[in-house]
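Those sequence lines, one after another, are chains A and B. Each step along the first sequence adds one to the number in my numbering, with nothing skipped, and position 77 is 61. Each step along the second sequence adds one to the number in my numbering, with nothing skipped, and position 189 is 871.
By construction, these hints were calculated from the structure, which means they are not laboratory data. It cannot be assumed that every hint is accurate.
In the DSBU-like style, the derived pairs of lysine-lysine whose C-alpha atoms are separated by at most 30 Å in a straight line are [claimed, not checked]:
1. A:K43 to B:K730
2. B:K799 to A:K43
3. B:K711 to A:K(-12)
4. B:K1033 to B:K981
5. B:K730 to A:K84
6. A:K(-12) to B:K799
7. A:K39 to B:K981
Given the structure is predicted, the values throughout are model-derived calculations rather than measurements.
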Amino acid sequence: MLVKAKGTQQSVAASRLLDGEAVWLGTGNIWVEDVALAAVFDGADAIAEALCFAKAEEKRQVVVDVYPLDVEITDQGTRPTHLRERLKGIGPTVRRDLGKQARQPTA
Amino acid sequence: MPDTHSPALRSNQPADAHAAVYRYDEFDKTFIFERVEQFRAQVERRIKGEITEEEFKPIRLMNGLYLQLHAYMLRVAVPYGMLSSTQVRRLARIARVYDKGYGHFTTRQNIQFNWPKLEDVPAILHELAEVDMHAIQTSGNCIRNVTTDQFCGAAADELVDPRVYAEILRQWSTLHPEFTYLPRKFKIAITGSPNDRAAVQVHDIGLIAKKDEVTGRVGFTVYVGGGQGRTPYLAVKARDFVPVEEIIGYLEAILRVYNQLGRRDNIYKARIKITVNEMGPAKFLGLIEEEYARLPRQKFHVDPAIVDAIQTHFAAPPWADLPAVSESFEAAKQADPAFARWTRTNLTAHKTQGYAIATISLKPIGGIPGDAESSQLETVADLADLYSFGEVRVTHEQNLVLAHVRQDDLYALWQALDKAGLGTANAGLISDIIACPGLDYCALANTRAIPVAQRIAERFADLDRQHDLGELKIKISGCINACGHHHVGHIGILGVDKKGEEFFQILLGGDAGTNAALGEIVGPGFDYDGIIDAVEVVVNTFVKLRQPGEIFIKTLARTGHAPFKEALYARA
Ligand code: HEM
Ligand code: SF4
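Chain A with its partners taken away, still in its complex shape (with noise of 0.2 Å):
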């Protein structure tokens, strides 16, 4: 969380509690693995409530380390707009073969 949110369109990042695998929170309040999935939350009322759902979900050992993160909207999706969250997204550049970039043929 070293990269403060301040633009008006967040999403929220997490990590899985069990497996540590790098999660967001997508529409209707679910988890996502994959981050261009990730709600696009509009204005500060919006954020702050996402947050405090996040918040609640660590409670409830679902996830760990919620933050909020800059975004924008993309034909491909939720696009993070610091390179760390991009990153996140997809995995070490060093090894293509591992993380989420191994699993999604598309990213």
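Position chain B with the ligands against the provided structure of chain A, taking the given hints into account.
Same frame as chain A, now just chain B with the ligands:
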């Protein structure tokens, strides 16, 4: 089985019976297994929701389990950097069964697994405990694990075995209740020879062995107040010579002064390096001497009997009586130029005639510095059994070492290493790069570090060119925490965030060796593509300026930074 000189293998002992690793006694064993079971219960309670993440986080960190960018990470300790072949095979097994088939050796002489699942960690810890290993992290503001140089007990230039004094310091500090509440964590490094291989001047206290030319007595030069991280300092020399038997008393004096004066109000200002430099080294050293004069010295005198007792724990393996020159070794060098090249960079003189110390490069051109696959670890374990008393060492430069290889066996060893992708002849050269995990794994990173290292190594892939350049150490960190030791790289590279983009600063003139120095930022940074070209400009400038036989750091010291700056920035 190939021919072996291993006395253990030829008898019925385990092949690593002589590996100088720390072996647990019954008390340690019980303690470690209890810790594993405790952690297993805590993980279960966490998963059931009986404890919160706030409660659990400090527990998992204490057990070496971190959360990184893509997954959890488990950091396993390697005390004094020593592993037996049995332990190496177990690490290989853990990587294969619970992780993704590889481990990563770090600059802290430990190994990290990058993908463990929380549910599996108790089982991993149990498997480690079975081979006398653990992931418990010393944390808190105490004296941390004392580190030593990777050639200890083997190097020809060694004056004292640093592990013995590391162990004495460990026992002294754990018996010392007031030193478990220091203002901040405290790290000590010891090199047992006059040539520093443990980067002692970037530690809170650093000791370099020294022989008094007049009396012939052995002791240490004592440095104090060094460190890396966000405010790097080189340690200052406190005393040129402290005899070995007085070393505890002298360190006691340093710790007492620091314990009274160190700042407890600000975590960023609490390390001894800040105390020394805020107060001024002369004043601080004066206080140490006053304290030392006051101390009941006899109480802190190191008893030779204790030294002998500890020395038996680090007993030398049963070296054979060998001729000084191995004819087969000399012949192999003549016959195979690639082998000859490897012997020039990857061998270090052994103190016993007929033996050599071999460095196994974990830096194949284009590879990830410090990564080793399970199969490679198993190869190293087998080779250690055959040729080096079943012992493997981990270096802070992210390589491995077989410390006791017969010269007769070196050719066979290198051929086997080469087949496994471990025979690169580049120790100490431009492609032997230290890089922290950076943004490919680390959640704190500004930039990637590994692919920068890979692209530099690829740019200079030609080994003849590398050998021609000579010793040149590049060290890369993905953020100011300096895990990649960029402050002490001959060429240091620091990743910074520039408006969400990766940017890289170049530092020149750092040195982690005997002539320790901190690098200086040479000028404005470079982008991800530009940094590789910039490194090449620096190297080409060196080639133009060097005198015959001169290595990079010497040329730089002679010419200063100006010609390098000019070459880097006047181009535009
Ligand atoms: C990926 C997870 C990692 C995290 C979150 C991390 C974080 C940090 C932080 C915050 C510090 C500064 C500590 C302080 O000065 O109080 C630090 C220091 C350090 N780290 Fe890491 N680190 C990580 C991985 C590594 C790795 C893989 C290595 C070895 C390659 C490493 C080697 C070091 C060293 C040697 C220092 C001490 C620098 C000094 O002397 O002050 N770290 N790390
Ligand atoms: S230096 Fe920074 S980026 Fe590199 S491992 Fe340490 S904390 Fe992470």
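Hint check:
no.: 1; hint: A:K43 to B:K730; in the structure: holds, 11 Å
no.: 2; hint: B:K799 to A:K43; in the structure: holds, 19 Å
no.: 3; hint: B:K711 to A:K(-12); in the structure: violated, 45 Å
no.: 4; hint: B:K1033 to B:K981; in the structure: violated, 34 Å
no.: 5; hint: B:K730 to A:K84; in the structure: holds, 27 Å
no.: 6; hint: A:K(-12) to B:K799; in the structure: holds, 28 Å
no.: 7; hint: A:K39 to B:K981; in the structure: violated, 56 Å
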